[in-house]
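J.: Letter by letter, the chains look like this.
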Amino acid sequence: MEDKAIKINTSNVLPDDAFEDVVKEKQPAGTSYDRGLWYDICRSFKENKVALVCLIILIIIAIASLLAPLSPYDPDAIDATQKLLPPSKEHWFGTDDFGRDYFTRALYGGRVSLTVGLASMICTTIIGTLIGTFSGYKGGKLDMVLMRFTDIFLALPSFLLMVVLNTLFSPGMVTLIAVLSLFSWASVARITRAETMSLKQKDFVLAAKSMGASHTEIIFKHIIPNMSASIIVAGSLGVAGAILTESSLSFLGLGVQLPQSSWGSMLQLAQKYILDRPSMAVFPGLLILFTVLSFNIIGDVLRNALEPKMIK
Amino acid sequence: MKKFCLKRVVESVIVLILISFFSFGVIELAPGDISSMYISPTMTEEEKQATIEKLGLDRSMGERYVEWFKGVLQGDFGVSLSNKRPVAEQFAEKLPATILLMSVSLALSLVISIPLGLIAGLKKNTIIDRIINLIAYIGVSIPSFWLAMVMIIVFSLKLRLLPSSGMHTIGVDSAWDTIKHLIMPAFTLCIGNLATFTRYIRSNTIGQLEEEYVLTAKSKGTSKGKILFRHVLKNCLLPIITLIGMRLASLVVGSFIIESIFGWPGLGTLGMSAIQSRDYPMIMAYTMLSGTILVLGNFLADILYAFADPRIKQGMGEAHGR
Numbered sequence: 001m002e003d004k005a006i007k008i009n010t011s012n013v014l015p016d017d018a019f020e021d022v023v024k025e026k027q028p029a030g031t032s033y034d035r036g037l038w039y040d041i042c043r044s045f046k047e048n049k050v051a052l053v054c055l056i057i058l059i060i061i062a063i064a065s066l067l068a069p070l071s072p073y074d075p076d077a078i079d080a081t082q083k084l085l086p087p088s089k090e091h092w093f094g095t096d097d098f099g100r101d102y103f104t105r106a107l108y109g110g111r112v113s114l115t116v117g118l119a120s121m122i123c124t125t126i127i128g129t130l131i132g133t134f135s136g137y138k139g140g141k142l143d144m145v146l147m148r149f150t151d152i153f154l155a156l157p158s159f160l161l162m163v164v165l166n167t168l169f170s171p172g173m174v175t176l177i178a179v180l181s182l183f184s185w186a187s188v189a190r191i192t193r194a195e196t197m198s199l200k201q202k203d204f205v206l207a208a209k210s211m212g213a214s215h216t217e218i219i220f221k222h223i224i225p226n227m228s229a230s231i232i233v234a235g236s237l238g239v240a241g242a243i244l245t246e247s248s249l250s251f252l253g254l255g256v257q258l259p260q261s262s263w264g265s266m267l268q269l270a271q272k273y274i275l276d277r278p279s280m281a282v283f284p285g286l287l288i289l290f291t292v293l294s295f296n297i298i299g300d301v302l303r304n305a306l307e308p309k310m311i312k
Numbered sequence: 313m314k315k316f317c318l319k320r321v322v323e324s325v326i327v328l329i330l331i332s333f334f335s336f337g338v339i340e341l342a343p344g345d346i347s348s349m350y351i352s353p354t355m356t357e358e359e360k361q362a363t364i365e366k367l368g369l370d371r372s373m374g375e376r377y378v379e380w381f382k383g384v385l386q387g388d389f390g391v392s393l394s395n396k397r398p399v400a401e402q403f404a405e406k407l408p409a410t411i412l413l414m415s416v417s418l419a420l421s422l423v424i425s426i427p428l429g430l431i432a433g434l435k436k437n438t439i440i441d442r443i444i445n446l447i448a449y450i451g452v453s454i455p456s457f458w459l460a461m462v463m464i465i466v467f468s469l470k471l472r473l474l475p476s477s478g479m480h481t482i483g484v485d486s487a488w489d490t491i492k493h494l495i496m497p498a499f500t501l502c503i504g505n506l507a508t509f510t511r512y513i514r515s516n517t518i519g520q521l522e523e524e525y526v527l528t529a530k531s532k533g534t535s536k537g538k539i540l541f542r543h544v545l546k547n548c549l550l551p552i553i554t555l556i557g558m559r560l561a562s563l564v565v566g567s568f569i570i571e572s573i574f575g576w577p578g579l580g581t582l583g584m585s586a587i588q589s590r591d592y593p594m595i596m597a598y599t600m601l602s603g604t605i606l607v608l609g610n611f612l613a614d615i616l617y618a619f620a621d622p623r624i625k626q627g628m629g630e631a632h633g634r
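Top line first, the protein sequences correspond to chains A and B. Quick note on numbering: the working numbering labels position 226 of the first sequence as 226, and the sequence is numbered without any gaps. Quick note on numbering: the working numbering labels position 164 of the second sequence as 476, and the sequence is numbered without any gaps.
Derived by calculation from the structure, the hints in this document are not laboratory data. Backbone N, C-alpha and C define an ideal beta-carbon position, used for all residues, glycine too. One or more of the hints may lead you astray.
To be verified - Some but not every residue of chain B turned toward chain A, in silico, with C-beta under 10 Å:
no. : residue
1   : E323
2   : L330
3   : F381
4   : G383
5   : I587
As the list claims (entries may be wrong) - The calculated lysine to aspartate or glutamate pairs, modelled on EDC-like cross-linking and capped at a C-alpha distance of 20 Å, are:
no. : chain 1 : residue 1 : chain 2 : residue 2
6   : A       : K49       : B       : E524
7   : B       : K436      : A       : D300
8   : B       : K315      : A       : D151
9   : B       : K319      : A       : D300
10  : B       : K319      : A       : D151
11  : B       : K436      : B       : E524
With the sequences and hints as input, model every part of the structure.
T.: Encoded structure:
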């Protein structure tokens, strides 16, 4: 009894604004339906410092690659007197076997690697989403045939086939993007098909149908926008995979051809001079590692942040 | 169960036939004439004609495919262009080295990932978990060929601890020597699997620890270690079976960069040099063989998994997607 009395007393003593604070804290955050996709994405970056660091790393690498022409060195200028120099003030990453500034070449290489990664991710996503959505929406026999087809692509020894294809056809950026997309759309198609199967039974799709919306309208206006969360996640992880594969292919000399370079082809060169100048191997590798790592972590963080929405 | 097995068999056969189309077709579609690889400018016109006929290049693509595929079914992959020896023979020679490397690397990844995954799962959301998680992220993000180069720089060039290439030192024939040669390629190859396995085991451990049987065991006074190793670990390893099946295959297929960097005298190095020298019969055999191993690995993994966990027997077809 005495305890209760004390409690009531103390609560009376508290100033009014103390209560307001509690009320403010208890305000419901709203269901995830009320919030936009952007809000969710921004919030997950705010909450997860590691993801924020990754995003910053990516932005720095992207801007540096974009601003590559500002470098005082020509990436292709050959200078026989400046061969294989160690890192110094003038040449931050040193020079390569033709006396070209390694840092500048790494920046231009970043352009190639990022372009190939992003472009093949976009192609992969478009092809995968179209096939997956179409298959899931139509259902029936067509769905079965398309999904078996997808399964087969998932079961192929893709990296080996990519190597063979790139060897036999003239290597270059377009070949790279085409080959990478050819072998990675299948997993996106699987994901989007599963989502379409559940989305097409949702009330809003039925409502749209009853209001006379055409199939195309339903697919592009209602189903695809509602899967954007999973598409974004698949995209982020897809870029990581594409950049990693591109670097392996370029390392084998199957990427962009000289004088152009990418991080992978720089490593191919570095392997040749591994005895004389091991530092040449360090920088492009670190750039690949940081880029791929960042895309992977961001993809996973987004998946965790957006998953409640996907499950609902 | 029978129906499921049958379905997977049919699927695998279709995939294999498609891979054979692909292995054969890619070479046919490649720019440049195949016969140019066999014909030297010094040959007379008649000799050239004879070579083309001998190769069967005067017949249609379909006929040649059928003939090639018949040979493949009998284990005859033709003759290598570079050294004129039967392809199958060369593959058989290189297989033991690859199998040794693969099994060591797979064992290594399991030995490291099981404790790491268990600890991370037990200490969920602590600093230890975060560190292990970061290691796993790095494992999936690191280009393996670059890791190989860095390891060569550190352990062979700087510290002079390990040999940088080959399988034996010439003139030395001891197990220790082979082990020293094995360490770097096996570790480089295992890093990707290591990361994947660790993440799987971590999330499985977390899931299993929430199950009611753990609570029951606890209430009966079973010790923590016993719960972990007797019950949780057993259930965690189940999904790993599938992964191992898939990974074993991709190890055989995907190791050619690593093998050739370390000069490991296995299938990968052989395949790599075949691709670089455009040794068509060899490339065809290599893609076909890799595809077969991959399909077999996936197939066995699925079947084993279904046997190990009766709950999966139903609806396995849907669970096939990754």
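J.: Against each hint, give a clear statement of whether it holds in the structure.
T.: These are the hints, each one checked on the structure:
1. E323: E323(B) check passes; min Cβ-Cβ to chain A is 7 Å, inside 10 Å.
2. L330: This hint holds: L330(B) lies near chain A, its Cβ roughly 6 Å from the closest one there, short of 10 Å.
3. F381: Constraint on F381(B) not satisfied, violated at 18 Å.
4. G383: violated, 20 Å
5. I587: At about 5 Å, which falls below the 10 Å cut-off, the nearest Cβ of chain A leaves the hint on I587(B) intact, so it holds.
6. K49(A) to E524(B): Given pair K49(A), E524(B) is violated - Cα atoms ~35 Å apart, limit 20 Å.
7. K436(B) to D300(A): holds, 17 Å
8. K315(B) to D151(A): holds, 18 Å
9. K319(B) to D300(A): violated, 34 Å
10. K319(B) to D151(A): It holds: about 13 Å lies between the C-alpha atoms, which stays within 20 Å.
11. K436(B) to E524(B): Measuring from Cα to Cα gives roughly 19 Å; hence the hint holds.
When the structure is compared with the earlier hints, violations turn up for hints 3, 4, 6, 9 and for no others.
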